[in-house]
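Student: Taken in order, these protein sequences are the chains called F and E. Numbering-wise, my numbering puts 136 at position 136 of the first sequence, and it's gapless, one number per residue. Numbering-wise, my numbering puts 175 at position 175 of the second sequence, and it's gapless, one number per residue.
Certain hints may be false.
[Stated by the list, open to error] Heads up, simulated PhoX-like pairs for lysine-lysine below, C-alpha to C-alpha not over 20 Å straight-line: (1) F:K327 <-> E:K148; (2) F:K327 <-> E:K145; (3) E:K123 <-> E:K110; (4) E:K145 <-> E:K20; (5) E:K20 <-> E:K223; (6) E:K123 <-> E:K145.
[To be verified] Some chain E residues flagged as far from chain F (calculated, every beta-carbon gap over 10 Å): (7) G17; (8) Q23; (9) P31; (10) S53; (11) R79; (12) G82; (13) M85; (14) Y87; (15) D217; (16) K226.
No wet-lab data here; the hints were simulated from the structure. Just so we're clear, the structure is a prediction, and the values are computed from it rather than from any experiment. For each residue, glycine too, the CB sits at the ideal point set by N, CA and C.
Okay, here's what each chain looks like letter by letter:
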Amino acid sequence: MENVSQPETLEHPEKKMGGWVKRFSTLIGLILICLVLTLTSKHFLSLENFINILLQNANIAILAVGLTLVILLGEIDLSVGGVEALGCVVAAWMMVYGGLGIIPSIIIALFAGTLCGLVSGFFVAYFRFHSFVSTLAMMGISRGFALIYTHGASIYGLPDSFRFIGQGSIGPIPVPVLVAAVVLLLAHLLLTQFRLGNHIYAVGGNIEAARLAGINVGRVKLIVLSLSGLCSGLAGIIMASRLNSGQGTIGETDLLDAIASVIIGGTSLMGGVGTIPGTIIGVLVISVIRNGLNLLGVSSFWQMVAIGVIIICAVMVDEIRRRLQEKER
Amino acid sequence: MPEVPLVEMRNISKTFGAVKALQNVNFEVMPAEVVGLVGDNAAGKSTLMKVLSGAYVADQGEIWFNGKKTDISDPVDSRNLGIEMLYQNFALAGNINIYQNIFLGRELTKNYLGGLFKILDKKPMAERSHELISRLKIDVHRVTKRVKELSGGQQQSVAIARVIAFNARLIIMDEPTANLGIKEVGRLLDLIRRLKEQGISVIVISHRLDDIFSVGDKVFVLKRGKRVGMRHIKETTEREVLRLIVGGEEGEA
Chain F
1 MENVSQPETL
11 EHPEKKMGGW
21 VKRFSTLIGL
31 ILICLVLTLT
41 SKHFLSLENF
51 INILLQNANI
61 AILAVGLTLV
71 ILLGEIDLSV
81 GGVEALGCVV
91 AAWMMVYGGL
101 GIIPSIIIAL
111 FAGTLCGLVS
121 GFFVAYFRFH
131 SFVSTLAMMG
141 ISRGFALIYT
151 HGASIYGLPD
161 SFRFIGQGSI
171 GPIPVPVLVA
181 AVVLLLAHLL
191 LTQFRLGNHI
201 YAVGGNIEAA
211 RLAGINVGRV
221 KLIVLSLSGL
231 CSGLAGIIMA
241 SRLNSGQGTI
251 GETDLLDAIA
261 SVIIGGTSLM
271 GGVGTIPGTI
281 IGVLVISVIR
291 NGLNLLGVSS
301 FWQMVAIGVI
311 IICAVMVDEI
321 RRRLQEKER
Chain E
1 MPEVPLVEMR
11 NISKTFGAVK
21 ALQNVNFEVM
31 PAEVVGLVGD
41 NAAGKSTLMK
51 VLSGAYVADQ
61 GEIWFNGKKT
71 DISDPVDSRN
81 LGIEMLYQNF
91 ALAGNINIYQ
101 NIFLGRELTK
111 NYLGGLFKIL
121 DKKPMAERSH
131 ELISRLKIDV
141 HRVTKRVKEL
151 SGGQQQSVAI
161 ARVIAFNARL
171 IIMDEPTANL
181 GIKEVGRLLD
191 LIRRLKEQGI
201 SVIVISHRLD
211 DIFSVGDKVF
221 VLKRGKRVGM
231 RHIKETTERE
241 VLRLIVGGEE
251 GEA
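Just chain E, with the same shape it has in the complex:
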C-alpha cells in the first residue's frame, strides 16, 4: 500500500552569497525508515538538514510533513513537528548541567499564583534526565554535573538523551560516529535500530558508508549542492555509492 512520507523536501535551494549550497534538492523519508545522507565535503548535506531542523531557512522549495505542507522558519517549528537534530558539535552549553541541557528551551515549570509565576520544576527534569541517561548506559552518576566536565562520548550521550527525550518522530544525526571508538559506534548503531523499531525515522549524515550500510534502508547522495542519486541499500553496493559520491550521475530527477 502506498505510504505517505513522513518528510518530503521539494526543490530546496539555498545560497550563501555567491555559493549555491543547495540546488533544487528533493528528499524524502518514510516513517520508521533509516536514511543515509552522503556526499563529499561541501556537498550540502548539513545545509539540507539544517533547513529541515530550522537552523537555516531555504530560499526556495517546500517542506511537507506527514502529507501536509509546513513552514519551518526556526528550530522551534521543527521541534514542534517532532524533528530533532543531533549536531556534530553536540550544541550543548558546557557551563550548565546535564538536565538543564536536556531540557534547554523546554524546561518544565510549575504554576504559582494562578499561572502568574512559572517556577522551574527541577525534580522531574532531573529524574527524567537520569532515566534517559540510564537507558543510554552512560556512566554519569549525577545529572547535576556540568556538561563541560564530561568526556566527548559522554557529551554526545547527553545530546542523544536530549533528542530522544521529547517523543521525536524524526531524528537527524550529523556525523554521529565521527569521533567515536569502535565499541561506541556499535552502541550508536544499535540505538538507531531500536529507534527504528519504535517507529522513529532517522537520517544519518555520514562519511562512513559502513555505518550507513549496516543500519540504513536508503541512501541519498549529494554532490555540489545537487542530488545525484538515491539507492535502496538492499539493491546497491558501497562501490556504486562511492562512484556516485565521486563522479555524480546524470539523468537523476
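Same shape as in the complex, but just chain F:
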C-alpha cells in the first residue's frame, strides 16, 4: 500500500513562533499590566505587595481550580461562593459551638463542601440536570445554611492556633498561598498524569465518544463537582482563619472573580480546552488588576466594571485567535 493523502507539513518555524505568541498572549498581557502599574504606582513593584496580592487571592485560586475542572467538562459551578461561605461557617461553628478541635472541624467543613458538590453532581449525573440549574440551587442552599447557622451575624471566639492557616507564614510565604500552590499542583497532576484527567478532557471534548469508549460519564461529573465542592470548602476554611470568624456573607463576588480567572486563563466554556497553568495566569491577571486599581484609588464598584470589561476583552482575543487559526487551515 502506498501513501495516498498528502503528508502535512507540521513544523513551520514561523508558525511555531506565532504559536508561541498565541499560547502566551495572556502571560504577555499580564506582564504588560504589571509594567503599566509599575509606572503609574510607586507602591506596586515590591515583594511585600506581591506577597500581599498572592495572599489576598489564595482563596480565589482554590475556587478557580475547582471551576477549571468543572468547566473543562463543559459544566459550570455557580455555587462556589456559597459553598465557600458554608465551609467558613461550618468550620467556625464546629470549633465554637460544637466543641470540636481544629482538625476535626476542618475535616467536617471539607466534608460539608464536598457534600454540596456531591449533591449537585448527583442530579447532574443521574437526573440529567444541567449543572447550571443544580449548582444555582446549591448556591442558594449553601448560602442559606451559612446564614441560618450564623443568624446573619458572625461567629467569634475561634481558637488562637487556628489563625495559622490564614494568617501564618512559613518563611516569607503566607500559609494560604502555600495551600493554594499545593492545590494547583495536585490539580495539574490530576489533569496531566491520571486517567481521570484524561477522561475529564475526553468528556468535555466529545461526551458521546467518551461514553462509547467505556468511560462512566456520570461518575466523572459526580467526582469533578464533588472536587469543586471540596475546593470551595477549603477556601472557606482559609477565609474563616483569615477573618478569625465564621461569616455567612463572605465570598459574594468570588464567583465572578473565579470564573473570570478561569476564562482569562484560556479555559473554554464549551469544555475540553484549558489547563491549570492557564488558570494560574488568569488568577494573577485578576488579582493584579484588582490590586492595581486599589493602589490607584479606584472604587470597588468601578473595579467590578473593569473586571467585566476584561472578561469581554479576554474572550474576544481568544475568539479572534481561534478564527485566525481556522483561516490558516
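Fit chain E to the supplied structure of chain F, relying on the hints for placement.
Tutor: Same frame as chain F, but now just chain E:
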C-alpha cells in the same frame, strides 16, 4: 465440521418510543468471517450493531458469544469480549491527541506506592500508537497531534488503529467507506482481508454492495427492523440482494 458461531444474536427486539427499530432479528457471525449488513435507511442496521457493541441495550433477545450466553449492557462489556466498533462519525475526542484517543478508556498506568497511585504510562501508549499508525500507513508524524487537526481520512485511521489495538475478535464497521476516496476504499478493503486472515471477524454495514461483494462471505438484509434475508456471497448476485433490500422477502426465518 460444525463450527460454533463467534456471535449469535437471537430474536433481538428494540423499540424507541413508538418506533419498532428491530423486531425478532437473528444474526450470526462465524470466526474469521466477513459479513455484510445491508438495508435501506432506518432498516435497523446501526441499531442492531449498537446493541452488539453495548451502545444500546435490547428490549428482548439473547446474545451468544463463542457458544456462551452473555449480557452486553454497556460498551465495556462488549470490549471485554473482544468486540470493537468503528463508528461512522469515528467517535473520537478532537481536543485530545492521537494516542490518548487510541487508549481512551483503556489507558496504560504504572503503579506507585504499592498501587495506591496509578500514573499514566505515556511512553508505551505513544510508542504502541505510533506502531499501529505506521502499520496503517497513515501520514501522521506525531501521535501527540490533536485529532481535530487531522483530515477526515486520517481521523478514520486513528479510529481504525483504536479498534485493532486490543486484540479484537470481532470488528464492526459502520459505513466505513462512506466518506473515502477510491484509493482509500481499496486500502480499507485490503485491511478487512488482512483482518480475516488473522482470524478476526468483521461486520460491515454499508450502502455500497460493491464493497460487500468484494470482501464479504455473507450478507444479511434488514428492512424496517426485520431480517428479510441472508445470502452467501458466492451464491448470490448484487441484483438479488438489491431486490431484497427494496422488496423484502417472505418466508425467511
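Student: Which of the listed hints are broken here?
Tutor: Result: hints 4, 10, 11, 13 and 14 break, sorted rising.
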